[in-house]
Amino acid sequence: MTVVHARGSLRRRLLLQLLLVAAILSFALYFTVRVLAQQAAETTQDNILIASATAISEAARAERGQILVDVPYSALSMLGSIAEERVFYRVTANDLTVTGYDDLPAPARAAETGKPVFATAIYRDDEVRIAALPRRLTVGDETVILTVLVAQTRLGLAAVSLQISIAAAAAGIGFFLLSGALSWFATNNAMRPLNRLAKSVERRGPQDLSPVATSAPTELVPLLQSLNTFMARLSASLARTEDFIAEAAHHVRTPLATVRTQSEIALRSVRKPENKQILREVIRAADESSRSAGQLLDHAMVALRSDNLEKEQLNMKDLAQDVIRSISPTADLKDIRITCSGSDTTSAVEGDPILLQNALRNLLDNAVKYSPEDSRIKVEISEGASTVRIDVLDEGRGLGDGDRSHLTERFGRGDNVRDIIGSGLGLTIVEEVVSAHGGSLALTDNPERRGTCASLTLPSA
Amino acid sequence: MRVSYIALGLIGWIWVQMTSAHGFVAEEERLFEVDRPAATLNILSTADLSVFAPLVEAFQARNPTVEVHYVTASSSELMKALYEEDAEFDIAISSAMDLQTKLVNDGFAERYVSTETASLPDWAKWRDRLYAFTQEPAVLVYSKIAFEGLPQPTNRDELIALLRENPDRFQGRVGTYDIRESGAGYLFATQDSRQSESLWRMAEVMGRLDARLYCCSSRMIRDVVEGRLALAYNVLGSYAAAHLADNMDLGILQFSDFTTVMLRTVLIPKTAGNLDLAGQFVDFLVSEDNRDLIEDLTGLPAIDPGVLQREAAFRPIRLGPGLLVYLDQLKRRTFIRAWLNAMVQP
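So the sequence lines, in the order shown, correspond to chains A and B.
With this note's numbering, the residue at position 193 of the first sequence is 906, and numbering never jumps.
With this note's numbering, the residue at position 114 of the second sequence is 137, and numbering never jumps.
In short, the hints are calculated from the structure, not lab data.
Every residue gets a Cβ at the ideal spot worked out from N, C-alpha and C, and that includes glycine.
Any given hint might turn out to be false.
Claimed, not checked - Facing chain B, a subset of chain A residues (Cβ under 8 angstroms, in silico):
| no. | residue |
| --- | --- |
| 1 | Leu-781 |
| 2 | Val-782 |
| 3 | Asp-783 |
| 4 | Tyr-786 |
| 5 | Leu-789 |
| 6 | Glu-797 |
| 7 | Thr-812 |
| 8 | Gly-813 |
| 9 | Asp-838 |
Sequences are here, hints too, so could you generate the full structure?
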C-alpha cells in the first residue's frame, strides 16, 4: 500500500492566514484609534486655547492712545478646567509685549495671516501648545496688530495619549484574540465537511465500493465525483474479474467432469493393474482440479455476496448440522465421525446462510482432508457475552511450526501439507466470510490432543 | 562647653550669612535648634512665627534630629525671593494663593506625591506641587459696642445699607486691607469682584466713610479690639477667632451671600536642598491625621471638606490658572485704580 505523505495542513494554512489578517486588522485598529484619539485630544486643546485667546482678545481695547487688556477670569480658568496644565499667555502689539509672559515665543507668521496659528514649542522646560490669534486694533491714529498668545503644557495630553495608546493596544489585542478564536471556529467549521467526507470514506469496509452518497459542499463535489467514478470503475473491474474467474472455473469444471466420467468408464474396462493405477491418478487429479475450481467459484461468490450481505436470523447449530450432514459421505469414506455439541435453541446469528454454510463447509472439508482415518472431528458451538463461537477440532497433523499468518492468504498453504493437494483458497474464503459478518477466525492447536482447532467468532444476533 | 560655643558661633555665622544673602526683606527669623542636628529644614513662610512655632516644634518632636530655620516675609517678598532671587528654601508657605499658583505654573516648584497628599480633596491641591493645609474664611470683624442698637447684618447688601444709613456712627471707623500692600487683601478683593458687584458699592460706601486701610489682619483686629474701628471687612477669621475669647465685645460675622475661603498653601521650591525632608514636612502639614493637631497648635482651621458642605456660603478660592489673571500687570493696575477711585475719595 502506498503511504500518503502529508504535506502541510489545510486547517493550519487557513488558520494562519486568518490569524495574519486578524493581526493586520488589529494593528490597523490600534493605529487608527491612537491617531484619531490623539487628533481629537489635540483638537480639543487647540479649541480651548483659541477660545481663551478669543476671550482675551475681545477684552482688549485702546483708550487715550494706550492699549488696555482686561484679561477675563474665565479666559485662563477655562484652561484649568480640563487638566492641571501650566498656562502661559502674552499679548503683543506689533511684536511689543503689552502684558503677560514676554518671553513666550510667538508662532511664525501669526501676525501676517490674520488667522489663528498653532505651534508646539518648548517653553520653561515643558512642551507647550501655543495658539496665536491676531487682530487689528486702532490705537490713536495708527492701526496695530494685536496678537494674543495663549499656551498650555501638554503633560495631561501626553498622559491621555498614553492612556489612549494603552486602551487602543488593549482593544487591538482583544480584537486579535477574539478574531483568533473566531478564526479557529471558522476553520474547524470550514473543515468539517471535509472531515466528514474523509471519515465516511474511512468508515467503509475494504469491500465497499458503492458510490459515496454523503452530501458535500460545492468545492468538494468534483473530488467526490472523481472518487465515485473511480470506485465505479474499480467495482466494475472487480466484478469483471470475478465473472471471469467464475466463468473460467465453470469452463474448467465441465470438461473435468467429462474427463472423470470417461476415466471411470475406462477404469472398469482396463485389466492391467498399472493402467488402472494411471486412471485412478487421473480421476484423483480431476477431482482435485474440480474441487479447486469449485473453491474458486465459491471465492468469487463470497467476494460478490459479502459486498451486499443478505442477512437473516440463523441458528448456528442447525446450520452446522446441515453442513455436517452434507459432508458426512466424504467423512465416512475415511471412517471419520463428526459430532456436534452446543445449545439447540440460542446461538442465533444474523448473517447470510449461504456464505456461512460455505465457510463452515470449507472448515470441515479441511478437517476431513487432514484427519487420519478412523478419527473424530468435534464441532462445538458456544456462546459468549455478545458472540457465538464455533470451534472445529480435528485430530489431524496440526498446523506445524511454520509461519501461520499466510494460511488465510489466497493460495497460502501450511508448510506441513505439501504432500496433500489443495488450492489454498479454503481458509481465505472462511476469513472473508467471517470478516464480512464482523467476526474473526482463529487457528490454534487442538488443546485436547494433536490436531487443529479452527474457531469462528461471530457477533450474536 | 567648647562645642556649644562653636555651635553657637556657627549658628550665628549662618544666621548672618542667611540674612545678608537675602535680597528680599525678611520680617522674622528663627532657628529651631536640636541637640544633635542631622539636617536643616529651611522654611520661608508668610505665617507669623508666633502662630507657626508650635507646629514647627511638633514636627521636631517627631523628627528630633531636624533643625528648622524659619523665616517669615510678606507674600510679595516671598514671591520675590523665590521667583527672582532663587533663594534656597526647602518649603514655602503662603496665604497668597495667586502667587503660589504662579510659582507652580512658572516652574518654580518641585513635584511631590505621597499617600498623604493623595488624601487631600481635589480642590486643595494643584498639579501635585501645591497643597493646601488650612481653609480660612474672610469674615467681618466688628465691635458689638459700635453696633449697639442696630440690627445685625447678615449679608453684604445689609451691611452696605447699614453703613449708608449710619454715616455718623461709622465715619472713619471702618477698616479693610490696603490691596496695594496686602496680597491677601488683593486676593479677597478680586475674589469679591468675581462673586458679585457688591464689592464696588462696598468700596464706594467705605470710601465715603473715610475707610482706613491696613497692611494686615492682625492690626485691623487690634484696632477693633481697642475701639478705634467699628468694623473690619475681609479679615482672616482665623486670626480674629484667637481674640474672641478675650474680648466679649468682639464679633465675627460670616456673610450669608458668600464667604470667600482662602487656602493656605505649601510648596517645595525648585531650589530645595533637601527634598526628602521637605516632603516629610509637606506630609506633616497635609496629613489627615494631623488636622486636629494643626487646629490646636495654630488656631488655623485645617482642611475639612465637611465644613464646606455644611456652610453653603463658603466659596474656597479655586486653585488653578484662573488665579493668574489678577496677577496680570495690566489687570492689576486697572483693578487697583478702580478700587482706589472708589475707596479713596477726595
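The hints, checked one at a time:
Because the beta carbon of A/Leu-781 sits about 6 angstroms from the nearest beta carbon in chain B, less than 8 angstroms, this interface hint is met. Hint status for A/Val-782 relative to chain B: holds, with the closest Cβ pair at about 5 angstroms, below 8 angstroms. A least Cβ separation of about 6 angstroms between A/Asp-783 and chain B falls short of the 8 angstroms threshold, and the interface hint therefore holds. Taken as an interface hint, A/Tyr-786 checks out: its beta carbon lies about 5 angstroms from the nearest beta carbon of chain B, inside 8 angstroms.
Among the interface hints, the one on A/Leu-789 holds; its C-beta lies about 4 angstroms from the nearest C-beta in chain B, closer than the 8 angstroms criterion. For the restraint placing A/Glu-797 at the interface with chain B, the shortest Cβ-Cβ distance is roughly 4 angstroms, inside the 8 angstroms limit, so the hint holds. This hint holds: A/Thr-812 has a C-beta 4 angstroms from the nearest C-beta of chain B, less than the 8 angstroms allowed. With 8 angstroms as the threshold, the beta carbon of A/Gly-813 comes within range of chain B, its nearest partner Cβ sitting at about 7 angstroms, so the hint holds.
Among the interface hints, the one on A/Asp-838 holds; its C-beta lies about 6 angstroms from the nearest C-beta in chain B, closer than the 8 angstroms criterion.
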